[in-house]
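K.L.:
The listed protein sequences derive, respectively, from chains A and B. Those letters in the first sequence? Residues 0 to 499, per numbering that gives the first Met the number 0, in order. Those letters in the second sequence? Residues 0 to 694, per numbering that gives the first Met the number 0, in order.
Bear in mind the hints are in silico, worked out from the structure with no lab data behind them. One should not assume that every hint holds.
Said to hold, decoys possible - Here are the computed distance ranges between Cβ atoms for each label pair:
#: 1; chain 1: A; residue 1: G64; chain 2: B; residue 2: E325; range: 51 to 59 Å
#: 2; chain 1: B; residue 1: R372; chain 2: A; residue 2: Q201; range: 24 to 32 Å
#: 3; chain 1: A; residue 1: Q201; chain 2: B; residue 2: Y324; range: 28 to 36 Å
#: 4; chain 1: A; residue 1: Q457; chain 2: B; residue 2: S183; range: 46 to 54 Å
#: 5; chain 1: B; residue 1: N232; chain 2: A; residue 2: P464; range: 40 to 48 Å
Said to hold, decoys possible - A short list of chain B residues far from chain A (calculated; beta carbon distances all over 12 Å):
#: 6; residue: P11
#: 7; residue: H14
#: 8; residue: L133
#: 9; residue: T165
#: 10; residue: D206
#: 11; residue: H215
#: 12; residue: P223
#: 13; residue: E227
#: 14; residue: Q438
#: 15; residue: S457
#: 16; residue: K483
#: 17; residue: N484
#: 18; residue: K542
#: 19; residue: T558
Even for Gly, the Cβ is constructed at its ideal location relative to N, Cα and C.
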Amino acid sequence: MPAVILLDVSLSMLRPVNGSENSETTRKHLAIQGIGAFLDCLGVQSKLEFISLMTFSSFYQERCGFTRDYHLIKQELHNIEDCDKTCIETALVGVNQLILNEWGNNTACQIILITDGNPGIGPMSLKESLANISHRPANNPFPLPFVFPAKLHVVCIAPPNDTLLVKSKPLYQRLVDMCGYDGMVLIPENTLTESSVISLFQKLAEEMYTSFKGILKCGNLESKIILSPAPVPFTKVTDFDCQTQVVSDIIEVCGFIPIADVGSPMAVSRHLILPASMTNNKENVPLKMDVDTTVDDEADEGKIPSFCVLLHGALKVENMAALVTLGESWFGFVYSWADSKKKSNLMLTVLTPGSDAVPWLGDLNCLNTPDNLTPEQIGNFPVRPSEKRSYSQNGVVWIRQAGLQSDIQKILRHARKLPEKTQQFYKELNRLRKAAISLGFMELLTGLAYIFEQECTQLPGTAHPDCALQLTHAAELLRKTQNNDIKYVIIPMQTDYTTS
Amino acid sequence: MSFPFANNKMFPANHKTVFVLDHTPYFGISCESPIEFEFLKTRGPGFIPLNPISKSLWTCSVESAIEYCRIVWDLFPQGKLVRFIASDTVAHILNTWSPTQQNLNHIMNGMSLIGVPPPPPSRSVQPGLDFTVLHGLRAAIEALSECTDLQHEKRKAIAAGDDQVTLVNRCRVVCITSARDNDSMKRLEEIFQNVLQQQNKVAASSDRFLTIDHCHLVIINTFPVNIESHVSNHAVRHLSPILKTEVHSVKAPFISNKLSSLILDHYDLASTTVTGIPMKEEQNASSSANYDVEIYHSKDAHTAILRGNSPDSLAIRTVKEGLEYETVTLKWCTPRGSATSELQNCTSMHRITPVDVNSRPSLCLINFLLNGRSVMLEMPRKAGGKISSHLLASHGGEIFIHTLCTARSVLEDPPSISEGVGGRVTDYRITDFGLLIQQNRLFPLRPSYNTEKVNSISKMKARLSRHTKYWPLTISSTLIFNLKNCIDPLPSIITKERITEEEVVQCKQVIYNLISLEAKHESLHLPNTGQRSKGQKREEQYKIMWNELETLLKNNCHTENHRAVYNCLIECHKFNSEDGTIDVDQALSFVDPLGKSDSDVQRASVIRATTDSPMSPPPLASIAPPLSRNILSNRSGSIYSSTPRTLYDIFTSQDKSKQRPDFAGRSDENKIAKLYPNLKIENEWGPRGEGMEVE
C-alpha cells in the first residue's frame, strides 16, 4: 500500500547526536540514513510500492510525489533545507490532501512521521492541537482520523531516555490511536546511533511490507505466488455479524465462469498474482544484493514453466475467470487483466466474504459442473431472484397525479379503439380497479364510471357500436359497490353482431 | 492491518419496522386535494365536468406507506422487514415477520380486505367501541418483541452457549395518525413508553418474546389541506434510554414526500439524479429530448466521490426541489461497446430503485438496463474533463449501481506476466488447458433444486484434482498429449470419476492400436510442433510414449475399471524397470531389435483377433483382477513368466507363430537377408484399426 514519508525539518532536527565520534552527525542526518535503509529494504522485497516524501516544519512541502523509483527519493533527501519549528497538525493536513488527491478514499495507506521527540511549542504545537480537539470549528476539523484507511507510524530520532521524548511519547501514541489500524511509535533501542536508527527503519520496513506468499492451486497443478499489494484482513459488518477474515495462503481454483457472466461484482480489493521464484527464497538473501546476479536469476527463472503463466494464457484465450476460494466461504476471481499499456497480468479480485457475494451468480458454494447434475438441475447465469422488483412488476403508484392520469388515459385510449382493444381495455380497467380497492380509493371508481358515461355521449358517429355498449357495461359494474372485492374481475360484455 | 469498524452499524433499527395506520372514521374524510384531469377539459361543449375527486386521508397514508416498502424491498430483498397494522376499534395485523409475507402483493391484498375506514358510529349504538390508534401501537410493540428468523437464529446460538454471539433488538415504529393538539400527542408518546416498558417486563419472563432494547417512534400527524393543525413538529427526543420519538405534522398529500426524506435516513440511502438521458418523443420520433431520472440506493455508493469534499463534489450536490434532501447529479454516458466484456474495477455495488417508478423517463431507463445494456455515469470535473464514476447495469432482472474506482490505482504499471517466473516459456499447453477450463465450467442450480444447500465446491476441487493427476505444463515436456490422433479419447476418459465397461474397451483399444503401430515400425506422427520430435529415434519415442502413458494411467487408478485399463497396459506392453534405467532386457532389445519386434507382431495379431469382432467377450484383463495385482508386483520381471497362468497366457504360449523360422540373417552369418520381408504382406492383412490412419 502507498506510504508517505513525513520528515520533520525543523531546526531542532539539527541538534548533534551526543556521544557520536563524528561531531557533525545530527538527528536529521540519522533520519536520512534511516530513510535510505528503509528504501533499500523496499527495493528488495516490495518493488511495486508507491512512496512519497513530504517535509514539514511550520508548513508542509511535497518533495517527491508517489513513485516506485526509490532512488529519486534518496536523491531528494540530499536537497532538503532546514526550516523553522515543528508543527505536526499542519503536516497531517498536508498528508490528508496528498493522499485524497492521489488515491481517493478507498486505498489503504501508511504514514511514517519522522521527528525528534520535540512536539513543538506554543500554538500549533502537538500539545495545543490535542488539547483543543473537541472545540474545533466544523470547517477546520483536526485531520485525524483520516477519511481513508490509514496506519500511522511515528519514528522518534531521539535517545530512549530523552526528557522531551518521555513527555511527547504519549502524545504520539494518541495520534497513532486516533488514526486506528494499530500503527506504532518507534524509538531506537538503547542509544541513538546510526546503526540503531538503521535497524529501526529496517524493522519498520519488514513490519510494514510483509509480502503475501501463498500457493495458487488448481487440482494437482500449483504455483508459488506473491500477491501485490499484500491483502489486508477484511472485516465484514452485517446487521447481525461482524467478522474479520484473513486470506488463506492456499488460493484454490474450484471452477471457471465466462467473464461476461461474472459481471463486475464489488471487489474488496484487487491484487496482482506474481509467480514467486522457486529457487531464490528472498527471505534468506542479504539485503545488499549484487544487482547483476538478480538479473541473471530472473532470466533463468523465466524459462522454468510456471502454472500461473499457463493459467493466465488459457483464461485470456477462453475469456473466462477462475473462481477461487480464499477461505471458508470466501471467494475471489482470477482472470487475465491488461493495463493501459497492454501489459497482461494475472489478477485476483477479492469478493466480500460469504457465498452470497454476487447475487446474480447464486450461492457460490452450490455451483457445480453439468457432469454432476441431471439436465433439469442445470440452471443458467444470471441467477434470477425469486421475486421481481417493483420496476418490473407494472405496479400502481398514484402518489404523483401524473401516475393516475396516465393510467386513466391509457384506458380511454383503448376505449376509443373498441372492439379491437377489448382485451387491453378490460385488463387495464381491472388493474386500476384492483389498486383503487386496495388503496381504499372508492371515489375513483365512481368517477371513472362517470367519465365512461360521458365518453359515450361524446362518441363520433363512426364509432363501432361496441364502444358504447362496453363503456356503459363497465360503468355499471364499477358503480356496484358489492363488487368491491379484488377477486372479482370485470369481464367484457358478450356481444355478437353476426346473428342480428 | 485490520480496519476498525464502528460497531454502531450493527443491529440497526431498520431490521424491524412496524407501520401503524390510523383506520378510525376520521381517516375516511377527503384530503381536499382534487385530482386534475387535464385530458377531460379538451372535450366538447356537451361534456358535463365531473365532480372533483380527492383521495381520503386513508388512501394517502396507505399509498405512502406502501411506497416506503416498495423502496425498502427493492433495495434490500432480505433482512429489512416491515409489518403493517391498521387500527380502529381493534388492531388489524396485515402480515408477520415471515419472509413470505414481506412483499407488496401481500400487503395490497391485505389492504383490500381491510377496506375503507368505517363510518363514524352513531352515539346510541355500541358505546363500548373505542376508535383509537392505540390498539395498533400496542399490537406494534408486541410485534417488535417477536423474533424474526435472523433473531431467532442468534437467540438459539446464544442459548447453545456461543458467547461470541450477541443480539440487540432495535426497531422502529412509523405511525400515521391525526392528533388534536400537542398535549394529546404527548399523551400518545407517554402511553407508548408505558406499554413498551410493560412489554419488556413480559418479555423478560418469556421464551417467546424478546426484550426491546431500543425503539424509534416516528409519528406522522396528518390532516386535510384545508385545515390548520395544532400539532407542531418536534425533532428526535429521547424519552427514555429505550425510546426516542419524533413528530412530523404534514398535510395528507405530502405524507409521501415526508417519508421519502425519512427513508433516506432510516436506511442510509442517497439519491442520484441521472441527467441527460436521451429519449425519443412519441410524437416526434426523429428527435430526442433529454430527461432526468432520480434513483435511490445505499449511501455508500457515493462515498468515493463525496468524501474528498473537493470542489468537484460540491458542484454535483443540490437540494432536491420541494424536498428536504440532497441529490447527486451525474451525467448519462451512452455506452460504447459492452461494459460487461471485462471486469470493471468496482469498489461497491448496490441495488437501486427509481423514485418515480411509473414515469416515462424512469421506465425508459429501466427498460434500457433490463434489456442487458449498461450505462456509465459521469461526474464533471472543475478542472475540466469528466470522469466515469459509476456504472448502472442489470443482472438477472435486478438493477445495480456499481461504484467505479476514480482514483489512481496502486496496480499501476505492473510488470507483465511475461517478465516473471515462467514468462519466457513459449510452449505452454494453452489449448489443452482451455479444454480443461471448458470441462470445468461452473453452472448454478435451477432455483427449484436449490432448496437443500449442498456444498459442491469441495466436489469441484476433487474433480479438478482428478483432471490434473498427470498434467505436463508444456508441449515439450509431454509426448502423449501431442499424439492426439493416437491417444484420444483415452485422456478424457481416464480422468472421469467413474468409467463404463464400454469406455474401458475404448481405452484398451487405444493401447492395442499403439502396440500394433509400434509393431509395424510406424513412427509416431507428431503434429507440426517444431519441438523435440525431430531427429528422435523411433524406438526412443515409443519408449517415452509408453512410460508417459504408464504414468498417466498409474496416476488415474480411481476405480476398478480405471485399474483395468492400467493393467491392460502393463500386460500388453513389456516395461523395463522404473525410471527408464536400462536393464538387461532393454539392452537385449537394442541388440536384437528385430527379434523383439517379431514378438510384438505376434502379440499384435493376437490382440486384433480378440478385439476386431464386436461380439468378442470383454478382455480378460478386466475380469482377472487377482492376476493384475500379481503382475503389478512382478513388474520388473517379464510379465509372461508370472504364474498362475490364465487362458490368455496359455493361448499366447500355444501360438503357432512361435514355430516360425528364426530371422534369416541370424541363421547363417554369410547370408544376406532381406529386411522386413513381411512388410507388404502385413499391409494387406486387413484393416489397421482406428487411430492408425495417419498420413
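K.L.:
Work down the list of hints and note, for each, if the structure agrees.
P.N.:
Now for the hints, and whether the structure bears them out:
1. Taking 51 to 59 Å as the suggested C-beta distance range, the pair G64/A and E325/B does not conform, at roughly 34 Å.
2. A C-beta distance of roughly 54 Å is found between R372/B and Q201/A, which places it outside the suggested range of 24 to 32 Å.
3. Here the CB-CB span from Q201/A to Y324/B is close to 52 Å, at odds with the stated 28 to 36 Å.
4. Between Q457/A and S183/B the beta carbons are some 50 Å apart, a value that agrees with the proposed interval 46 to 54 Å.
5. Checked against the hint of 40 to 48 Å, the C-beta distance between N232/B and P464/A comes to roughly 58 Å, which is inconsistent with it.
6. Look at P11/B: its CB is around 6 Å from the nearest CB on chain A, not clear of 12 Å, so calling it non-interface is violated.
7. With 12 Å as the threshold on Cβ separation, the claim that H14/B sits away from chain A is violated: the shortest Cβ distance comes to roughly 5 Å.
8. With a closest Cβ-Cβ approach of about 21 Å to chain A, L133/B is found to remain outside the 12 Å limit, as its non-interface label requires.
9. With a minimum CB-CB distance of about 9 Å to chain A, T165/B fails to clear the 12 Å threshold, and the non-interface call is violated.
10. With a closest Cβ-Cβ approach of about 20 Å to chain A, D206/B is found to remain outside the 12 Å limit, as its non-interface label requires.
11. Once the 12 Å rule is applied to beta carbons, H215/B is consistent with being away from chain A; the minimum gap is 15 Å.
12. Against chain A, the non-interface label of P223/B holds: every CB pair exceeds 12 Å, the least being about 14 Å.
13. At roughly 24 Å, the least C-beta separation between E227/B and chain A is larger than 12 Å, which holds for a residue marked as non-interface.
14. Chain A draws Q438/B into its interface by the beta-carbon criterion, the shortest separation being 8 Å against a cut-off of 12 Å.
15. Not every CB of chain A lies more than 12 Å from the CB of S457/B, the least distance being 8 Å, so the non-interface label is violated.
16. Once the 12 Å rule is applied to beta carbons, K483/B is consistent with being away from chain A; the minimum gap is 17 Å.
17. Listed as outside the interface, N484/B is consistent with that label: its C-beta sits roughly 22 Å from the nearest C-beta of chain A, beyond the 12 Å cut-off.
18. No beta-carbon of chain A comes within 12 Å of the beta-carbon of K542/B; the shortest separation is about 23 Å.
19. Listed as outside the interface, T558/B is consistent with that label: its C-beta sits roughly 15 Å from the nearest C-beta of chain A, beyond the 12 Å cut-off.
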